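Participant: Read off the chains here:
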Amino acid sequence: MKDLILRNRYTLLLTTLIVYMVVLVAEGMITGREARVIEFENPYFDLNLNNFEGFRERENENENENARVRVNDAGDV
Amino acid sequence: MDKFALLQFYGLLKREVLEHRNLFIGAPAVVAFLILVAATWVATQIDQSQLAEGLRYVSVLFDGLSPFDMAPFFMLLGIPFILTLYICSVIYLINTLFQDRKEMSILFWQSMPVSNFQTVLSKIVAIVVVAPIFYVLIIFAMYLIAMVWLTILGISNDIDLVGIGWMFLAAIASLVLIYISAIVASLWLLPSMGWLLLFSAFAKKTPLLWAGGVFILVGFLEDFIFGTQYLANWVASRASDPNQYLIFEFQNIFERIFNYDTLFGIVVGAILIAGAVFMRRFTD
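In order, the protein sequences belong to chains A and B. Here the numbering used here is used: the first residue of the first sequence is 120, the next is one more, and so on. Here the numbering used here is used: the first residue of the second sequence is 28, the next is one more, and so on.
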């Protein structure tokens, strides 16, 4: 077995990649891994790229709110 | 570990530093120089009285505040250096074992009383532990130059400099956070490091192309063979959020290192690094 794995660089690469894939797939199956990010607490600023969509939605909401305020202010005049 | 083994390892580390001075020292020095030039240019664009007023405000702001509480704000200044370290790490890891074979120095090192494991380990320790020390020292030198400049500015404008002293202490405390962040990031990204080393040891030409190409291929293969996408999920889980490896508070360090995902990443990284160690026996 050892001789087969270490026969040449290609068999060694293939073996390493198979072990790598099997370990990751087995771990994924056992833990039911999904694309997720552990969210550590960062009280200083938000760097979470996964929330980018939410950030954009919040920006749009803020813009709408500002536009509404401007319209109201213009109406008051 | 006996004294001879320690000396051997020290020799291997010294070799890495000497052979990669540009990545370990030159690159951060250039970044620091550019930041200082940019800061000087900004300072020349601002009126002297406004500059003095700003310095007085900063001095009052930092006076008496705990350096450890204020240190995270100086992490922002460290971000260009951390990015440079990442880029240099990728260049170093993908080239280091490949270069050994290309210039045939591998034959010399294999004739020495050092194992392939020691050689590969020295390359990992060089980039995880030693390189960030040089980066932190260069950031410290940059802070020192800035501090001298602020002190001269303060004295010439009759400003109380106690607050600036506190600010400098906060900047120094941030260096510890930057160093620990660099090490935690390396542990978190150990699978990527192992992957680059494996292909650096494997490829006869263009190791970066091999590493990138096989990475994409393995993702497709998993889908074909197992019908799952755990590899893609795993990569997505680890690469998208810098918060996962940037440390802003000293209390977080234990939690960052000893969590399931980091430890599992170290196991996966160890598999790939083991592959790189065995791959070193093929010297052609």
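There's no promise every hint is true.
[What the hints assert, rightly or not] Which residues of chain A face chain B? A few of them, derived with a C-beta cut under 7 angstroms, are:
#, residue
1, 128
2, 132
3, 135
4, 137
5, 138
6, 139
7, 143
8, 144
9, 151
10, 152
These aren't lab readings, by the way, just hints derived from the structure by calculation. Nothing here was measured: the structure is a model prediction, and the numbers come from that model. For each residue, glycine too, the CB sits at the ideal point set by N, CA and C.
Participant: State for each hint whether it applies.
Facilitator: Okay, the hints, checked on the actual structure:
1. 128: holds, 4 angstroms
2. 132: holds, 5 angstroms
3. 135: For residue 135/A, the interface hint holds, since the closest Cβ of chain B sits about 3 angstroms away, which is under 7 angstroms.
4. 137: Status violated, d = 10 angstroms.
5. 138: holds, 6 angstroms
6. 139: holds, 6 angstroms
7. 143: holds, 6 angstroms
8. 144: holds, 5 angstroms
9. 151: violated, 9 angstroms
10. 152: holds, 5 angstroms
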